[in-house]
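Given only the sequences and the hints, what does the whole structure look like? Please build it.
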Amino acid sequence: MSGDEQRLIAECLKGRTAAFGDLVGRYQDRLFNTVFRFLDSPEDAQDVVQEAFLNAYQNLRSFKGDSLFYTWLYRIAINTAISWKRKHRPRLHPTTVGQDVVDAAESNRPEHALERAEEETRIQQALSQLSAEHRAVLILKDIEGQRYEEMAEALGVPVGTIRSRLHRARLELREILVREKENS
Amino acid sequence: MLSDVQLELLTAFVDGELDDRRRQAVLQLLHESSEARSMLGQLQENAHRLRELPREKLDTAFAGKVLQAIAEKGLIPGPAVMPAILPLRRRMPVWLRWSAAAAMLLVAVLGSWGAYRFLFGPDKEGPGPMVEHKDPPAPPPQPEEKALEFAFQDLRDEAAQQLLVEELKKEPAVRLAVTVRDQKQAVSRLQDALKHSGVKLLVDSTAQGHLQEGRPKTQYFVYAENLRPDEVTALLQKLSDQPQTEANFDKLLVTSLTGDDRVELSNLLGIDPEDLKPPPRVAFTDPIPAQPEPRKKAKAKKAAPQPERLALVLAQEPSGNISPQIQAFLKSRREQRPGTMQLLLVLQQA
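Chains as they are written, first to last, in this note's numbering: chain H, 1 to 184; chain W, 1 to 350.
No lab work stands behind these hints, which were simulated from the structure alone.
Hints are not guaranteed to be accurate.
Okay, derived cross-link-like pairs now, EDC-like style, lysine to aspartate or glutamate, Cα gap no bigger than 20 Å in a straight line [unchecked claim]:
#  : chain 1 : residue 1 : chain 2 : residue 2
1  : W       : Lys57     : H       : Glu144
2  : H       : Lys181    : W       : Glu45
3  : W       : Lys277    : W       : Glu171
4  : W       : Lys200    : W       : Glu308
5  : W       : Lys238    : W       : Asp157
6  : W       : Lys65     : H       : Glu43
7  : H       : Lys87     : H       : Asp47
8  : W       : Lys331    : W       : Glu274
9  : H       : Lys14     : W       : Glu72
10 : W       : Lys57     : H       : Asp29
11 : H       : Lys87     : H       : Asp44
12 : W       : Lys73     : H       : Asp47
13 : W       : Lys217    : H       : Glu149
14 : W       : Lys57     : H       : Asp22
15 : W       : Lys65     : H       : Asp22
16 : W       : Lys217    : H       : Glu153
17 : H       : Lys64     : H       : Glu5
Below, the structure is given as structure tokens:
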């Protein structure tokens, strides 16, 4: 953990809430992207990330710096997302993924933008078909680029479990995408 | 067709976390097998597709919204509370009922806030599980996610032991995550404690090597079958019997044994995960006398010599070899008897 983070945490604990705002600003996008890919809904992801930050704030005194602050946040966010998924029924309409990614530059090449949007929808839908455990490891590994040890800490399972989950998740994702290709 | 081992090597290759030896094995496989090359290509392409997904972002006002919510709710950084090390895994229904039952009984029997805290934690509104071990945060917000968690010192209490027995009776297979300060000493204590239940603990040669070298990052699996709930509880109680100043066994988290656990364990044992599935649970019938009278024991021996009951210690890092200890353990396996359970105890360095 950086000295700067330690300072911000210490300030939060002294009651300077604005310091927590700095920490939120530092990690909000990474957390949001992960939770978004996990929940497949930007609205839900935003709510979950906010809830995760509130939980982190309430328990900030418990963080002693033995692990990375970000890993600690990750663990809170993923567990909050899992709880959220259990509590809320899946949305009946498809995700808005794809619409969001068409930025100004892409709009100049509409065909390319459409292809990318379709590709994103395909891969996100395949991801959504995996179990929560399998989805989480693929997001952390391939999207977040974490190593086994970091993932084990974030998910609270042994490294061997991460390895075996990734193995099965990769094979399952491949199967889904092959099936989807055959059907299309 | 590619074998499971080959597929596992290929997926690990995509993860980029193979050691040199295995990496060479994959390169050799790719050299020899077009099927392996095709499979690896697909796996890598899918990983690439995931990496290429656009990064979604929140608007810059988000931090302000969080601070506003903190102010509106009047939140403050709360006090450090009980540990909650909850892995991302399915919970068994039996533990859903644990909190209420345990609290009522323990509060009544022990009459102490300390006992109440040890099962519940003081803050029901706390966040999900944390990484902090010494002084971590509140339990997760959803009570149904709670697993059964103990500090070892609390297992000396008779009421806690009784509750643990009652709950274990309902499960055919459990996983105990045990946090210890010294793994080598922990294995030695386990050997002694299991011996009291008539179970001999074998230490796989790879695990022996790791224990000798004192690798703190290695996790050790202790696997046993055909243990009765009262035997498991007695085992844990024996481990909890330690002077406060030299306490080695720290925390215990009890969950059901999941399919993932079985896969991991079967990989280490070199057997099919199906071979680790317990039979359907039947009513507890206490088929094995807890402490047979010496005379009865002698008679039983004359009638039919009981096979030696074995448990096994494995290092989590697979060596790829089936050690003599694993072979002996597999040879000693018997059909699971009614009222007994499979036990996977995971030793984690504190």
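Structure-based check of all given hints:
1. Lys57(W) to Glu144(H): 14 Å, holds
2. Lys181(H) to Glu45(W): 14 Å, holds
3. Lys277(W) to Glu171(W): 13 Å, holds
4. Lys200(W) to Glu308(W): Judged against 20 Å, a Cα distance of about 8 Å means the pair holds.
5. Lys238(W) to Asp157(W): 12 Å, holds
6. Lys65(W) to Glu43(H): 14 Å, holds
7. Lys87(H) to Asp47(H): 13 Å, holds
8. Lys331(W) to Glu274(W): Holds: Lys331(W) and Glu274(W) sit about 17 Å apart, inside 20 Å.
9. Lys14(H) to Glu72(W): Holds, at roughly 19 Å.
10. Lys57(W) to Asp29(H): Holds - the C-alpha atoms of Asp29(H) and Lys57(W) are around 5 Å apart, at most 20 Å.
11. Lys87(H) to Asp44(H): Holds. Lys87(H) to Asp44(H) sits at ~12 Å (cutoff 20 Å).
12. Lys73(W) to Asp47(H): This hinted pair holds, its Cα atoms lying about 15 Å apart.
13. Lys217(W) to Glu149(H): 10 Å, holds
14. Lys57(W) to Asp22(H): 16 Å, holds
15. Lys65(W) to Asp22(H): 13 Å, holds
16. Lys217(W) to Glu153(H): Holds - the C-alpha atoms of Glu153(H) and Lys217(W) are around 12 Å apart, at most 20 Å.
17. Lys64(H) to Glu5(H): 12 Å, holds
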